[in-house]
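Could you fit the two chains together into a complex? Lean on the hints.
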Amino acid sequence: NYLRIVGLEIHAQISSNSKLFSGSQVQFAAPPNSLVSFFDASLPGTLPVLNRRCVEAAVMTGLALNCSINKKSLFDRKHYFYADLPAGYQITQQRVPIAVNGSLSYSLCIDNKMSQMVTKTVRIKQIQLEQDSGKSLHDDTRSQTLVDLNRAGVGLMEVVMEPDMCCGEEAAAAVRELQLILQTLGSSQAVMSEGQLRVDANVSVHHPGEPYGVRTEVKNINSIRFLAKAVDYEIQRQIKELESGRTILNETRAFDSKLGCTVPMRDKEGKQDYRFMPEPNLPPLILYDAKSLPANMNHQQVVNIDWIHERLPDLPSVKRAKLVERYGILPEHSFTLLNEDGLSEFFEDVIKQTQMKPKKVIGWILKDLLSYLKKHSLTVKESPVSSFLLADLLNRLEEKEISSTAAKQVFAELWKGEGKTPLEIVKEKKLQLIQDQKDLEQICQTVIDGQENEVMAIKAGNRKVLNKLIGLVQRETQGRSNPVLVKQLLEKKLSE
Amino acid sequence: RCLSLIKSTKFLNAYITVAEETALKQAEESEKRYRRGQPLGVLDGIPIAVKDNFNTAGIETTCASNMLKGYISPYNATVVQKLLDQGAVLLGKTNLDEFAMGSGSTDGVFGPVRNPWSYSRQYKEKSVPKSHSEDKDSNWVITGGSSGGSAAAVSSFTCFAALGSDTGGSTRNPAAHCGVVGLKPTYGLISRHGLIPLVNSMDVPGILTRCVDDAAVVLGSLAGHDPKDSTTIQDNFKPFELSNLPDVSKLSIGIPKEYHAPGLSSEILALWSKAADLFKNAGAKVIEVSLPHTRYSIVCYHVLCTAEVASNMARFDGLEYGHRSDMNKSTESMYAATRREGFNDVVRGRILSGNYFMLKQNYENYFIKAQKVRRLIANDFVKVFGSGVDILLTPTTLSDAVPYTEFIKEDNRTRSAQDDILTQAANMAGLPAINVPTALSERGLPVGLQFIGRSFQEKQLLTVAKWFEKQVKFPTIQLEEVKRHDHGVFQHQKSASFL
Numbered sequence: 001n002y003l004r005i006v007g008l009e010i011h012a013q014i015s016s017n018s019k020l021f022s023g024s025q026v027q028f029a030a031p032p033n034s035l036v037s038f039f040d041a042s043l044p045g046t047l048p049v050l051n052r053r054c055v056e057a058a059v060m061t062g063l064a065l066n067c068s069i070n071k072k073s074l075f076d077r078k079h080y081f082y083a084d085l086p087a088g089y090q091i092t093q094q095r096v097p098i099a100v101n102g103s104l105s106y107s108l109c110i111d112n113k114m115s116q117m118v119t120k121t122v123r124i125k126q127i128q129l130e131q132d133s134g135k136s137l138h139d140d141t142r143s144q145t146l147v148d149l150n151r152a153g154v155g156l157m158e159v160v161m162e163p164d165m166c167c168g169e170e171a172a173a174a175v176r177e178l179q180l181i182l183q184t185l186g187s188s189q190a191v192m193s194e195g196q197l198r199v200d201a202n203v204s205v206h207h208p209g210e211p212y213g214v215r216t217e218v219k220n221i222n223s224i225r226f227l228a229k230a231v232d233y234e235i236q237r238q239i240k241e242l243e244s245g246r247t248i249l250n251e252t253r254a255f256d257s258k259l260g261c262t263v264p265m266r267d268k269e270g271k272q273d274y275r276f277m278p279e280p281n282l283p284p285l286i287l288y289d290a291k292s293l294p295a296n297m298n299h300q301q302v303v304n305i306d307w308i309h310e311r312l313p314d315l316p317s318v319k320r321a322k323l324v325e326r327y328g329i330l331p332e333h334s335f336t337l338l339n340e341d342g343l344s345e346f347f348e349d350v351i352k353q354t355q356m357k358p359k360k361v362i363g364w365i366l367k368d369l370l371s372y373l374k375k376h377s378l379t380v381k382e383s384p385v386s387s388f389l390l391a392d393l394l395n396r397l398e399e400k401e402i403s404s405t406a407a408k409q410v411f412a413e414l415w416k417g418e419g420k421t422p423l424e425i426v427k428e429k430k431l432q433l434i435q436d437q438k439d440l441e442q443i444c445q446t447v448i449d450g451q452e453n454e455v456m457a458i459k460a461g462n463r464k465v466l467n468k469l470i471g472l473v474q475r476e477t478q479g480r481s482n483p484v485l486v487k488q489l490l491e492k493k494l495s496e
Numbered sequence: 001r002c003l004s005l006i007k008s009t010k011f012l013n014a015y016i017t018v019a020e021e022t023a024l025k026q027a028e029e030s031e032k033r034y035r036r037g038q039p040l041g042v043l044d045g046i047p048i049a050v051k052d053n054f055n056t057a058g059i060e061t062t063c064a065s066n067m068l069k070g071y072i073s074p075y076n077a078t079v080v081q082k083l084l085d086q087g088a089v090l091l092g093k094t095n096l097d098e099f100a101m102g103s104g105s106t107d108g109v110f111g112p113v114r115n116p117w118s119y120s121r122q123y124k125e126k127s128v129p130k131s132h133s134e135d136k137d138s139n140w141v142i143t144g145g146s147s148g149g150s151a152a153a154v155s156s157f158t159c160f161a162a163l164g165s166d167t168g169g170s171t172r173n174p175a176a177h178c179g180v181v182g183l184k185p186t187y188g189l190i191s192r193h194g195l196i197p198l199v200n201s202m203d204v205p206g207i208l209t210r211c212v213d214d215a216a217v218v219l220g221s222l223a224g225h226d227p228k229d230s231t232t233i234q235d236n237f238k239p240f241e242l243s244n245l246p247d248v249s250k251l252s253i254g255i256p257k258e259y260h261a262p263g264l265s266s267e268i269l270a271l272w273s274k275a276a277d278l279f280k281n282a283g284a285k286v287i288e289v290s291l292p293h294t295r296y297s298i299v300c301y302h303v304l305c306t307a308e309v310a311s312n313m314a315r316f317d318g319l320e321y322g323h324r325s326d327m328n329k330s331t332e333s334m335y336a337a338t339r340r341e342g343f344n345d346v347v348r349g350r351i352l353s354g355n356y357f358m359l360k361q362n363y364e365n366y367f368i369k370a371q372k373v374r375r376l377i378a379n380d381f382v383k384v385f386g387s388g389v390d391i392l393l394t395p396t397t398l399s400d401a402v403p404y405t406e407f408i409k410e411d412n413r414t415r416s417a418q419d420d421i422l423t424q425a426a427n428m429a430g431l432p433a434i435n436v437p438t439a440l441s442e443r444g445l446p447v448g449l450q451f452i453g454r455s456f457q458e459k460q461l462l463t464v465a466k467w468f469e470k471q472v473k474f475p476t477i478q479l480e481e482v483k484r485h486d487h488g489v490f491q492h493q494k495s496a497s498f499l
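If you're matching them up, the sequences are chains P and F in order. Read in the UniProt record's numbering, the first sequence has 424 at position 424, and its numbers run on one by one without any break. Read in the UniProt record's numbering, the second sequence has 316 at position 316, and its numbers run on one by one without any break.
Rather than coming from a laboratory, the hints here were simulated on the basis of the structure. Treat the numbers as computed from the prediction; the structure is a model and nothing was measured. Watch out, some of these pointers could steer you wrong.
Unchecked claim - Below, computed lysine to aspartate or glutamate pairings styled on EDC-like, alpha-carbon distance capped at 16 Å:
(1) P:K319 x P:E348
(2) F:K329 x P:D139
(3) P:K367 x P:E332
(4) F:K360 x P:D139
(5) F:K285 x F:D247
(6) P:K135 x F:E320
(7) P:K375 x P:E340
(8) F:K329 x P:E340
Said to hold, decoys possible - Chain P residues, not near chain F, derived (Cβ > 10 Å throughout):
(9) H79
(10) R123
(11) D139
(12) N202
(13) D273
(14) A290
(15) P384
(16) Q451
(17) E476
Beta carbons: idealized from backbone N, C-alpha and C, even for Gly.
Looking at chain F on its own, in the form it has when it is part of the complex (with noise of 0.2 Å):
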């Protein structure tokens, strides 16, 4: 139903690969073991997508750019591998901004993802036609980024849940645009081994899903200590389940209020507001607190991004894998052709920008300057999380989804400042953040709201994200496709437990 439905949508352009044939065979197996009454686990025969910065053996995986296009990897990555152990159907690896570069998972070399609330009933009804003539095709809105192809993916039922990553939101945002859950987990609680890295010290593997339940069940199976990977914490971790909670009452709310950010839409103040309310009139202690280096965060993240970026694509050169140029003059020329060949603007753009601020006379100013910024602002969350307060609520997104023909009028790097403000200091502190969507805007666009927690309180941090959603009941999208393939998804939507 699923590679059908996948089929129908591809005009979202969420999927790179559709790996049909090992996903029907993996059904199969799925089936067979139900039929004995012995499931792998949970998610035995649950289809999933991912994010194609995930090594999948056998399975290419691009990162959306020219120098891996044809890669394919001998190995899983460790999350990937956990799910497939569960039994998982591995339905394809979903479409990106290059090498996870962007905010808008529209610079890749596949081209942009379009966000399936362009096509839903909701979306058409409010937006108005600009001229007669107009494609019906032309003002469809972006997915955020960048893992828009798992937003996209889980939002439009292709799946019912996907791994994206998340260096400075980009799980958080494209769910927020999408709709869908999007959690970043603490870092150090999920293996990164074969996640392409962006940012080694940042970097997650990010969870999309359509409830919060999902999330947590997802959670339970990826999460844990993996040798491969030193950065991940040693403590035994117990998957949860998560209870309803009763009340409120015992919970401190906190809401920063440096997060209220210029070009942050009255729209989603509003709603903020709202939410905010609905927390204190159902008896929480709800206060403002101050994050006081949040503005300095983007500079901060840019020097430090850019830096790990030109380290980590440095292992580039087509020497062993990948995409090697024709240029063979000399080793040197091959490695400039290769990489001038292979990367995009985006990337490139970065790699010039790292490898300045690591320069032996930059590096004081620049590099060591960032990680100091960077404690300052792990620091704010500390002493606010230490002064009573146990969940942080802010917006996810400046606004809701722009279309595709606005946000490319500015570049990426423009567009990624804007929009990760909101995201990107849980990165730098490490802290886990969910998305949970919350209300259509005008424009019938998802909206979705943040909520950030203490390290390591995954458990506390989607029990109240739980609470939040059944208030607010977010809609379901409509869309043509989706009701053509089958009623009853509508009734299942909720839960991937049914199948």
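Okay, chain P solo, but in the shape it has when bound (with noise of 0.2 Å):
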């Protein structure tokens, strides 16, 4: 009888060559401070500078998440003392953010089967532009800190997510989601271990029909899985704290993924007053678009929403229509096949090289395949079964050449890695389907003159003992025998 509230905000870093305010490198894991600007480094009488490719990258962003752009937007500097602050302020947009008002869809499978999926969306409040902060390490036991601005500058985009999202499972849908469509559009790589993706969680939780309650923060979640797990956990707390009579802080609390348990957070800034200003050595950010575009300005000044809004990608929830819509497969497996990097792209290429129906391929990519890929913890580039290769499999097997249960073992064997052909396999095995005709109605009367009562009782009506004598025929042919055409000439026979 409570409801759960669970709103996110979320922060992904822009991938661009250089930072948001000034031209040192963005890189991830290079040698600390060696990509530090002197506007980075705070130095005195240093300024601001936009970078236009940070600028494209929120617009995309925003379009994709069906926003309104601002055609005017504002930076502003929030004020806060932190050793990996060097200004003493870090330059945002409060006032009037880049985006506003945009939603995302998402989807949920309702149990656990994957074969009913359900979809959602999100209000998106707001993307706003902002500086990263450095990163500082506290040494303990030498009583010290160390400083790395290697990251100070560098652009983000602020997604605020609108508490509409009401479990772990559908926040962790949502930011799946999100983190899919920056990676397709390209304006964040999004990895979550790299730091390019970090969400904080906002959790409270009330009886329906009285007043939203107190909320609580969590920080310092580092995978999805992580999120789902935080958020889950937050809520039961909640939830106990309140039933045992006690209250909700409005805290900021961490996640601890070994205790899998929030726990109350040293709070860094504590209840601060930010003292919002605005950043006085940057103008208004102006955008354009077709309509408002004037006629000799200088392209290299200029963003144009439209012009970004043509380029845009197809996002993954078109790509997945579309996928559905070409090769009749499943919902649920399109799902799939975009949540694994490069599967689709797999999943298409196999098609375009064999005759194979799509709707039994998707089993091969989503079984066989991705199940090993899962089970040697590789990625669809370090699969040592190429797309050919399947083709080529796949190929045999529509020309009746082996049976379903050789492929597969031939499958297990191509995953060796050893550079053998489906071919060579076949031929080293023995796999082969036997193709003579003849051959193989002599095997069927063979295993019918030896089973008599099964063929009277086949005679007699029960044709479930048919299968006895396929499975006997398999036995006797050591399985090279494809089982349609056994039944079919078994039927022949016992028909005579």
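Structure below.
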């Protein structure tokens, strides 16, 4: 009898060559303090200069999330003191951000079997451009703080999702979809483990009909899996607290992944007044569209929203719909294809190289290939079985050169990555289906002759017993007979 | 020559750093270029000084503060680079109020700057010794501020031009007290990249010279879009030469009545009036105008200035550069100690005020309100210029320079509030303004008048200023030290192109 309210604040690092307001490079895991410009180090007298690529990334993202792009947005200073913030303030967009009022649709499986999917929507409150901070590491043994400013000034898009979600699964699905969108757009690489996507969750609970409860902010969530766990834990914790008659504090909590719970955080900022002030060194950011673009404007100095809109790639939802339409696969299949980096491309490559129908190919991709990849913790790119090899194998199956059981064996062999082709493996392991019909007929006859009782039962009307005969033929041929053909032959003989 | 003059006028305390070696080298290079007939430009070889809040690569930049004592910047401010690219010779960094906060150039850690006119024959003749045993030095007068060092340097002939900065009058005020030309350009015309900011939305680099023509020359080398400063305008700037205005009959001069401020000395009032008559008699249309919101500008400036100061000073934490306290119990305590040790009272006072105004509960009532009032002040000018007035004529200061002992009787904040009143509104509105030395006061000290022009109409502003300069024929300073050095300097003092 509690309503669960979950909202998210997501920081996505913009994929660009240089930082948001200075020309120093953006690169992961570079030697400490090797990517720091005078401006990043806050040397007195330096001024911010806006990076065009970052603006374009934000506009692309805003359009992909169905936002209104503000043609005029403003920059502000947010003040607080911390070792990783050299200027003593962060440049952000507090008053008027670059994009507002969008939405994101994501899908969930109703049950665990992935057979029924439901679509949900979360409202996007806004997207704002802001600077990332540097990194500080506390060395307690030597009582010192180590500061690395490589990340200071890197462009971020903060995406604020309204509290329309109600559990960890929804939050995780929404973030996953956002991640796919960002990666498709190229506006952010959005890899959580590299800090390119950071998620903070806002959680509260209340009884229906009553006002919203006090919310807590949960930070330090390092993967989508942990996001679901953290949100669900926090919901349960709050419910338990309230049920015990206690109250929820409006605080920031950190998710401890080892213990699987949230703990109060040593508040680095406290209840701070950020003393927001307009950033005086940056004029308002003006964006244009085809209508408002002045005729003789320098092309280099201008960002045209319509131009960007026209060049947006297919978003994941569109890609999925196209896969379903083009190949007749199920919606849940399309989700899995897009969820795994490179898998849908692999699938389409196989389709191109085989006569097998997509509806059958998908089974091989999702059940065989994917499970092998998962078992060995490999990405699609690292697959020892290429699309060419798999297509070749599937062709042999289509040509009825081998049975489907045999095909699975060949696949397992291919997985060893010893460079053999399917044909070589089939020959080596003698997996070819018996092609000579006469031979097969003879074997069928032999089986029929040896199973008088069963034959009688079949002739009496018990069709199920036929399967036993088929099985015997299979055994006799060491699996090298096409069960469909065997069945036909047996039936023909038995009806004679 | 200039370098030795700097040495003999050391008591003025105009320079914080004298870059003797590099200057001599630059001069040598320049001479070589002239011999080849390939000077880099009009300023090639011209000795200049730069206020110590501009970044100069390899030369200490202190802002007259303990916070940046010993700080050697790795880059040149754009304006400094432009001067060097023209072949100018950088003599050194001049003294100022700490972080440019002040109107006397008395509150820096290197001590106050003395007005060269304190030692002029003109002043000494007029001054009455207070007692027999009076120290010759004790009634020296201030330069005004905060660009006092630059003004003194130009005034005492140690350089031909100097860079100052102007946020509330910091170039025009000392220019008036030291009898030199002080130009505040339109906001957005000259790059602020490398100028350590006081108020980002009002700061401009200022130009101090001995005559209006020189100011135009320096302006020509400095103005124009800088991609490193997003607040500079994109339009192409065309350097100009000032023509001799044949007549002023086509001009409309506005006399804003609110600039008859309380505390304005009768001397200056009379001079202002005389100047207006000068224009009238020459055929110009001289009319009284009103800028009704002038009286709110000081309070408005106080709020906006301190707010930006609080923000701009937040970066001084001792972590990346500058003074760092030995206190190392925690990051926070290190920050606090560093800032207490590095900043003087004036700076700390403004930071505290500024943070107060920016608190969430105060922001609307103070900061936003001040922004609105600022727009009203700017609109006053728009209306007046829109009604046909070309140039405004006002006093620059309330009186001539006061003795140092007098000046320090009031605190920095009080003095700033008093002294900025005539110059400050131009910064609010971003307009160009110039001080032209006009006459000597009864005490034998310089008094200047101010012209305020339309946005980006420096050419018109300077043309009128030049005409006025020609009419008033302001006398040359008579300094022992300068005389001793070189008679020839007097002949050439009017134009920088003679060397």
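For each hint, the structure was consulted:
no.: 1; hint: P:K319 x P:E348; verdict: holds, 12 Å
no.: 2; hint: F:K329 x P:D139; verdict: holds, 13 Å
no.: 3; hint: P:K367 x P:E332; verdict: holds, 13 Å
no.: 4; hint: F:K360 x P:D139; verdict: violated, 35 Å
no.: 5; hint: F:K285 x F:D247; verdict: holds, 12 Å
no.: 6; hint: P:K135 x F:E320; verdict: holds, 14 Å
no.: 7; hint: P:K375 x P:E340; verdict: holds, 14 Å
no.: 8; hint: F:K329 x P:E340; verdict: violated, 49 Å
no.: 9; hint: H79; verdict: violated, 6 Å
no.: 10; hint: R123; verdict: holds, 26 Å
no.: 11; hint: D139; verdict: holds, 12 Å
no.: 12; hint: N202; verdict: holds, 20 Å
no.: 13; hint: D273; verdict: violated, 5 Å
no.: 14; hint: A290; verdict: holds, 22 Å
no.: 15; hint: P384; verdict: holds, 50 Å
no.: 16; hint: Q451; verdict: holds, 87 Å
no.: 17; hint: E476; verdict: holds, 81 Å
Hint violations for this structure: numbers 4, 8, 9, 13, all remaining hints satisfied.
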